[in-house]
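Given only the sequences and the hints, what does the whole structure look like? Please build it.
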Amino acid sequence: MEGRGREVVTRVLLVDDSPVDRRVVQLLLSNTCAGSFHVIAVDSAKKAMEFLGLKEEGKEQAIDMVLTDYCMPEMTGYELLKAIKALSPLKPIPVIVMSSENEPQRISRCLNAGAEDFIVKPLQSKDVQRLRNCSSALATTQCKGESDGKLLPSDHVVVDAATVAESPPPSRRREHFAGVAMVLHTSSVELSQYFPFLFKFILLVYAILCLGELLHRWSSGCFLSLWCA
Amino acid sequence: MAAAALREQLNALLSSMFSQGLVDEQFQQLQMLQDEGGTPGFVAEVVTLFCDDAERIIAEIATLLEQPIVNFDKVDAYVHQLKGSSASVGAQKVKFTCMQFRQLCQEKSRDGCLMALAVVRNDFYDLRNKFQTMLQLEQQILAYDPKQQ
Chain S
1 MEGRGREVVT RVLLVDDSPV DRRVVQLLLS NTCAGSFHVI AVDSAKKAME
51 FLGLKEEGKE QAIDMVLTDY CMPEMTGYEL LKAIKALSPL KPIPVIVMSS
101 ENEPQRISRC LNAGAEDFIV KPLQSKDVQR LRNCSSALAT TQCKGESDGK
151 LLPSDHVVVD AATVAESPPP SRRREHFAGV AMVLHTSSVE LSQYFPFLFK
201 FILLVYAILC LGELLHRWSS GCFLSLWCA
Chain G
1 MAAAALREQL NALLSSMFSQ GLVDEQFQQL QMLQDEGGTP GFVAEVVTLF
51 CDDAERIIAE IATLLEQPIV NFDKVDAYVH QLKGSSASVG AQKVKFTCMQ
101 FRQLCQEKSR DGCLMALAVV RNDFYDLRNK FQTMLQLEQQ ILAYDPKQQ
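So the protein lines, in turn, are chains S and G. Heads up: the first sequence begins at 1 in this note's numbering, then just goes up one per residue. Heads up: the second sequence begins at 1 in this note's numbering, then just goes up one per residue.
The set of hints was computed from the structure by calculation and includes no laboratory data. Quantities reported herein were computed from a predicted structural model and do not represent experimental measurements. Keep in mind that the hints are not guaranteed to be accurate.
[Unchecked claim] Under the rule of at most 30 Å between Cα atoms (straight-line distance), these lysine-lysine pairs were calculated in the DSBU-like manner:
{"hint": "1", "chain 1": "G", "residue 1": "K74", "chain 2": "S", "residue 2": "K82"}
{"hint": "2", "chain 1": "S", "residue 1": "K46", "chain 2": "S", "residue 2": "K82"}
{"hint": "3", "chain 1": "G", "residue 1": "K74", "chain 2": "S", "residue 2": "K47"}
So this is what it looks like as structure tokens:
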């Protein structure tokens with residue numbers, strides 16, 4: 001991790017075969033958190049492995065995080081994820097997988113393989129905080145899950161070792177929990193758009209029930225007797 | 001005065017693109033990133049990249065569909081890529097057309113895929129023309145008001 005004074009710079013290896021997606025993510029990371037991200041972009045998982053393989057054991061890793069697309073020719077993002085986790089098992093590089101397909105099976109598959117997070121494309125400004133939380137620098141210096149003071153929106157679930165618990169459960173349970181959390185998160189994001197409608201519906205039902213009760217009392221004469229009393 | 005008229009024209013164009021469903025909130029977000037992040041030319045760069053990439057992908061798909069034996073997996077892969085880049089720039093209509101195209105790829109229907117390709121091409125060209133007009137208007141506005149850079 002480089003430091004410019006107090007500011008922490010996260011070095012991100014971006015892997016995506018789409019030139020449009022690479023550029024959008026690069027610009028997004030540099031615009032949303034100016035100076036916080038240094039992005040190195042490659043167009044294939046093979047090139048990513050070559051880049052990471054240049055760093056031998058014992059030397060300082062030049063990458064704090066890998067952000068990879070899932071669907072790529074020759075070597076997929078999932079295969080890259082497994083290879084990266086196997087590269088340095090003692091100090092693995094955090095890997096975040098992106099995909100345009102919001103498939104729960106794909107999400108849990110990646111999380112079970114050790115991915116720190118799974119983001120559904122297109123990447124948006126609100127996803128950038130998730131990247132910051134998953135960087136290895138934050139994982140080592142903020143092991144209690146503190147963010148940089150910003151609260152995440154309620155529909156975001158950040159899944160990484162630093163924020164799951166102070167005493168994290170065993171890795172299998174953590175992965176299972178993370179998988180369920182991600183699936184719930186994707187469901188909750190879809191359901192949240194119906195909340196206003198649901199709220200109005202409940203209000204309407206309550207109003208109808210109250211009206212029905214009033215009519216019942218009026219018809220049975222209770223209302224008049226109460227009025228006259 | 002002329003700059004104001006151009007700005008009005010640009011706003012009307014953008015408004016129509018949104019109302020026709022050509023672009024969605026992702027495109028709006030890219031515009032906001034450009035305006036708030038102080039990165040001039042952000043949208044122009046991404047849009048230009050998208051148009052070049054989409055043109056290439058459509059040509060590749062056309063070539064694959066002309067083969068005597070169509071490799072529908074490869075066609076699907078290209079359509080998936082086009083769908084992804086459309087989503088990234090907010091090209092909503094092209095994205096939806098690609099989603100329908102992928103279903104035809106699953107059905108392994110050459111005629112269906114050819115029709116879908118024609119629709120994708122049509123939607124893309126329509127969007128590209130609008131993007132080109134948008135970029136021209138932005139350039140003209142900048143020429144009148146360099147302070148916007």
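The hints, checked one at a time:
1. Between the alpha carbons of K74/G and K82/S the distance comes to roughly 25 Å, so the proposed pair stays at or under 30 Å and holds.
2. The hinted pair formed by K46/S and K82/S meets the criterion: a straight-line CA distance of about 13 Å does not exceed 30 Å.
3. Between K74/G and K47/S the CA atoms are separated by roughly 22 Å; this keeps the pair inside 30 Å, and the hint holds.
The earlier numbered hints are all upheld by this structure, with none contradicted.
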